[in-house]
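Using the hints, position chain B against chain A.
Number of protein chains: 2
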Amino acid sequence: MNYPEKIIAAVENFRKIPGVGEKTAFRQILGLSKWRTEELVSFGQALKDLATLEYCIECGLFSEGELCDVCRRSERAAAGIICVVESLSDCLAVEKSGQFRGLYHVLGGVLNPLAGIGPEEIGIPRLVQRVQRLGIKTLILAINPSIEGDATSSYIRQELPDDVSAERIGFGMPMGGALEFLDSMTITKALENRKKI
Amino acid sequence: MNYPEKIIAAVENFRKIPGVGEKTAFRQILGLSKWRTEELVSFGQALKDLATLEYCIECGLFSEGELCDVCRRSERAAAGIICVVESLSDCLAVEKSGQFRGLYHVLGGVLNPLAGIGPEEIGIPRLVQRVQRLGIKTLILAINPSIEGDATSSYIRQELPDDVSAERIGFGMPMGGALEFLDSMTITKALENRKKI
Numbered sequence: 001m002n003y004p005e006k007i008i009a010a011v012e013n014f015r016k017i018p019g020v021g022e023k024t025a026f027r028q029i030l031g032l033s034k035w036r037t038e039e040l041v042s043f044g045q046a047l048k049d050l051a052t053l054e055y056c057i058e059c060g061l062f063s064e065g066e067l068c069d070v071c072r073r074s075e076r077a078a079a080g081i082i083c084v085v086e087s088l089s090d091c092l093a094v095e096k097s098g099q100f101r102g103l104y105h106v107l108g109g110v111l112n113p114l115a116g117i118g119p120e121e122i123g124i125p126r127l128v129q130r131v132q133r134l135g136i137k138t139l140i141l142a143i144n145p146s147i148e149g150d151a152t153s154s155y156i157r158q159e160l161p162d163d164v165s166a167e168r169i170g171f172g173m174p175m176g177g178a179l180e181f182l183d184s185m186t187i188t189k190a191l192e193n194r195k196k197i
Numbered sequence: 001m002n003y004p005e006k007i008i009a010a011v012e013n014f015r016k017i018p019g020v021g022e023k024t025a026f027r028q029i030l031g032l033s034k035w036r037t038e039e040l041v042s043f044g045q046a047l048k049d050l051a052t053l054e055y056c057i058e059c060g061l062f063s064e065g066e067l068c069d070v071c072r073r074s075e076r077a078a079a080g081i082i083c084v085v086e087s088l089s090d091c092l093a094v095e096k097s098g099q100f101r102g103l104y105h106v107l108g109g110v111l112n113p114l115a116g117i118g119p120e121e122i123g124i125p126r127l128v129q130r131v132q133r134l135g136i137k138t139l140i141l142a143i144n145p146s147i148e149g150d151a152t153s154s155y156i157r158q159e160l161p162d163d164v165s166a167e168r169i170g171f172g173m174p175m176g177g178a179l180e181f182l183d184s185m186t187i188t189k190a191l192e193n194r195k196k197i
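Chains A and B are the protein sequences, given in the same order. For the first sequence, this note's numbering puts the final residue at 197, and the numbers step up evenly by one. For the second sequence, this note's numbering puts the final residue at 197, and the numbers step up evenly by one.
Certain hints may be false.
What the hints assert, rightly or not - Examples of chain B residues toward chain A, derived with CB under 7 Å: (1) Met1; (2) Lys6; (3) Leu30; (4) Ala46; (5) Leu47; (6) Leu53; (7) Ile57; (8) Gly65; (9) Asp69; (10) Pro161; (11) Val164; (12) Ala166.
Don't read these hints as lab results, they were simulated from the structure. All C-beta atoms in this analysis are idealised placements derived from N, C-alpha and C, irrespective of residue type, glycine included.
Looking at chain A on its own, in the form it has when it is part of the complex (with noise of 0.2 Å):
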């Protein structure tokens, strides 16, 4: 049996979303076809309004205007501290920690010479000039652990101006987690970072 154009059309998009297979394509897409239709345009303009989705020139977070929420707020700027994170899902994950109320930097990568990623890619020359322009005396790194995050870490370091202070995210044992289950580099971590109570 041959299927319809437009169901392969479908399929075929949503398996190019990550985690998506043939299987859960065809699911969505059959949930999809009983919906209204005005439902099913609305959803079609959703994603063609993706591609115009605009991102913060100071900070490179998803914006409307030219300057995203988090910029804008004098507040977080007030607050002369910056946290610098590989992507924008990590971000995000920091913003819902409600933890952090300074500003935020997406570099959108880490340094990796092989694939001919080096300082001025992510954009490392801008964040020193962002910090010495705002005046921020903190920053905190907070870039996934692995070697291309630590020498990205140790480069923005050495980039920075003395009197900033650079400070890498705690590492150590996860929340709710078991120790027979981590791994020896997370248990050697959560040593290292002993803190006495």
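Chain B alone, transformed into the frame defined by chain A:
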């Protein structure tokens, strides 16, 4: 932090897909926001196109034009057999097994008098006419096992001319299943439907 309208609209649409929660919707949209403009436009169009999906006037499968790909093939009509299923997805599952070469009939539901779903609503009179018009000799009732499904099967049997054979699909232990994890109803059916080897 407030999210841009475009993100919120996309998240709300994705969340309406069964099995997609807020977290998944966000992750998928962050991925989608990296797609090229033309890819997003084509995905959006594919969704809008689902609104104009056509259904076969004979069997209820999706189609391009009046008849679906199955009903258009003379060798499938020649088999003189119709497989009756509840939903489009059930139909695709049977077709995927590759074991059935006759025609289909999608009911779109089962009898449920309490919810006001009678024989007319799921098109049983239309099925009976079709059986007579095409000179069908055998009906496979591949309706899911449930009280309503059993009632629907019995009702269809009763409406058919006596010379038409109506057969329910076999119930029992699924392939790869383990007796210890099966429910009692399935074990009961498996014991009833045992076969001499």
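Status of the hints after comparison with the structure:
{"no.": "1", "hint": "Met1", "result": "5 Å, holds"}
{"no.": "2", "hint": "Lys6", "result": "5 Å, holds"}
{"no.": "3", "hint": "Leu30", "result": "5 Å, holds"}
{"no.": "4", "hint": "Ala46", "result": "4 Å, holds"}
{"no.": "5", "hint": "Leu47", "result": "4 Å, holds"}
{"no.": "6", "hint": "Leu53", "result": "5 Å, holds"}
{"no.": "7", "hint": "Ile57", "result": "14 Å, violated"}
{"no.": "8", "hint": "Gly65", "result": "9 Å, violated"}
{"no.": "9", "hint": "Asp69", "result": "5 Å, holds"}
{"no.": "10", "hint": "Pro161", "result": "28 Å, violated"}
{"no.": "11", "hint": "Val164", "result": "24 Å, violated"}
{"no.": "12", "hint": "Ala166", "result": "24 Å, violated"}
Checked against the numbered hints above, the structure breaks hints 7, 8, 10, 11 and 12 and satisfies the rest.
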